[in-house]
Amino acid sequence: MPASRCEQPESGRRTHPHGTRGTGRSVALRGLLLRRDLPSAVLVIALLAVTAAVEPAVFSYEGLDLTFIGLVPLVCAAVAQLVIMVGGDIDLSIGSAFGLVNVICATSLNSHPVIGVLELLGFVAAYVAMGALIELRRLPSLVMTFAFGFVWLGLALVILPDPGGTVPTWVTTAFGATVPWVPEPILLISGFAVVSWMYLTMTRPGRLIRAIGARKLSVQQYTRGPVNVKILMYATAAVVIIIGGLALSAQSGSGDPNSGQSYVLVSIAAIILGGGEFGGGLAWPVGAVLGAVAFGLVSTIDTYLSISSNLVSGVEGAILLIALGLRRSLRGLEIRHVAGRILTVGDSDGDEAPGNEDVPDLVSVAPELPGASL
Amino acid sequence: MGATSESFQPHGAPEGSHPASGSVKDLLGSAIRYRGLPVLIGTVILWFVVALHSHGRFGATLESTLTVGAFLSLVGLGQMFVVAAGSGNIDLSVPYVLTFGAYLAGGIINGGSGSLLLAVVVTVAFGLAVGVANATVIVHLNVPPIVATLAVGFLIESGYLELGTHQSNLAHNASNQLGNTVSNVATGGFGGFSYMAVIAIGCVVIAQLILWRSWFARRLLAMGQSLAAARLSGVATNRITVTVYCISAVMAALVGVLLGGYIGGGSLDMGTSYQLGSVAVVILGGCFISGGVANSPGVGIAAMFLTLLITLTDILNVSPGVQQIIEGVIIVGLLSVVGSARNVE
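For the record, the sequence lines run as chains A and B. Residues 1 to 374, numbered by our numbering, are exactly what the first sequence covers, in order. Residues 1001 to 1345, numbered by our numbering, are exactly what the second sequence covers, in order.
You may find that some hints are simply not true.
Here are the in silico distance ranges between beta carbons for each label pair [claimed, not checked]:
#	chain 1	residue 1	chain 2	residue 2	range
1	A	Ile-322	B	His-1055	57 to 63 Å
2	A	Tyr-61	B	Ala-1236	56 to 62 Å
3	A	Leu-118	B	Ala-1125	56 to 62 Å
For the record, the hints were derived by calculation from the structure and aren't laboratory data. The C-beta atom is built at its ideal place from N, Cα and C for all residues, glycine as well.
Just chain A, same shape as in the assembly (with noise of 0.2 Å):
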């Protein structure tokens, strides 16, 4: 097994093979335990219960469809956010952006439908040289993101100063599609959770995007330049957030160059909720949608419950502050677990010393890459 840190968030492996050697089903469970995403899907869990206690007409195939359809673009933007994150960086633009998409969508792609497709090709292309400027001139994207979500937000409301505009009807038809079985907001959220999962961890760009998150040096060795990889990551999170904003105007109707400043702090928070962890190259895209679930269900559930919506901040707020306590007791667990196993099943599986997550560079991900060229 390489030592390849970036093995583990698909972790089914993480655990299986050393179960089969015969550690028992402890080991197992353990593993289960320890899984960076599970605080998400527990969460998830109990916010879909208190749900079904307060409000059972949510369970029908209506209920979940008008649940579920207004967390599509959160979804969208917590992965977008989550490929910048993994790639070492962080977007506070991502607001503005689906603001401007939405706002595009709203007007050019209804009125005239080439120049709005060469509005969006444009968005996507302003959106790499952000990130090409960010990784050559070497600037921290914390704040170069927040100067060009003023630049987003500035060519949203130039294009419509006011909340207003006409949604072209396929988009709303795309997103509002009757399903067989399944509501379509579900699968679309199961599709972006296992396509983005696929992304990051079995295609070359996303481990290219990855390892440049995990060890910048390494990426400048093996290929033609951390220039690329960002270009690539950028591009990535344009594309994401294009088909975010498209989900999001089916859903209002109309254009508002303001309608996505939300989605700015509630992505990150997802993600860290989800298991991702600022530095890069850890990547729980499972987890990250789960996270925006939860936050998503989180103002749903306040509805149903009439808390006042002065509170939802607050509970959004204290959610995660408990979802972090939660992940930091079983931290402890956690190295109790691995101190066993590397006892159990010898030294093979000494590149996961406890605590590695907190120090990205001890764990070399270069194995990997000597077959990569971008």
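Once you have looked at the hints, place chain B on chain A.
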């Protein structure tokens, strides 16, 4: 994010702080390499442009910029100490603390009938409590600062939103809620200088003295340059983390009181622009986002720069959209220059 190689500066204080090293050439060299230089040049250019636009009133422009920019520079100074601690430390709870501070003090002073002293004491205590809460979550729950401070901030936000709904006099009857003394300090002045400008300049000087001379700052900057090394050499890094978050929160809460006095009462979105604005002035002022290098005059100048930028886009009388684009492009341009200066070394 994260410690990058360029963050390991051999000396903690900015280059401009060693003028004693001799010849004019040295002085010139250190001036050119001074991290606050790009933003200083940008500020002077903007000052000229804005002043020429307002019929050559250079003095008046400078004075009003100093007054309005004072609020941002004070919040930025608190943020500077937090960012200097490195390891991704950043305080995003600032706008919520600021707004809550304004409402808290407004509620106690209640238009002049309550005690000003009590209001200040309670506001400072509130700031300290938030600082301790932020640091506790970061240190003991091991939560990334950007999320921890945000979560704490959300809790505070819920607090004042709920308070504002139930005690409607807080939210609506806010005109001059903070009393005459506070609004006099926030808007008044003496001999052509506003009190706010004097307060801000005083705080910038004090902060720079702390950065130059105090043991606290040495430990803080050492921690910002390398957490592990600082810890191994016996620096109580947890205590420093608590201290910097307390500084930031107290500054934000007190600025909230002054800003409330300036705009004539609290408003729910009064803090919004300070959240990332305070981070922007820290970076533009020549501090490292990765920590270990702090520059207090730079932060003050950067606050003036952002204030002038907003004034400029106001007087150009362009649409709000174009205004946003101009602001974004100028900040991006300036950051690119600051970043390239960093690469030269």
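Tested hints:
Between Ile-322 (chain A) and His-1055 (chain B) the beta carbon distance is about 58 Å. The supplied range of 57 to 63 Å therefore holds. A hinted range of 56 to 62 Å for the beta carbons of Tyr-61 (chain A) and Ala-1236 (chain B) is consistent with their spacing of about 59 Å. Evaluation of the 56 to 62 Å hint for Leu-118 (chain A) and Ala-1125 (chain B) yields a pass: the beta carbon distance comes to about 57 Å.
Violated hints for the displayed structure: none, as all numbered hints are satisfied.
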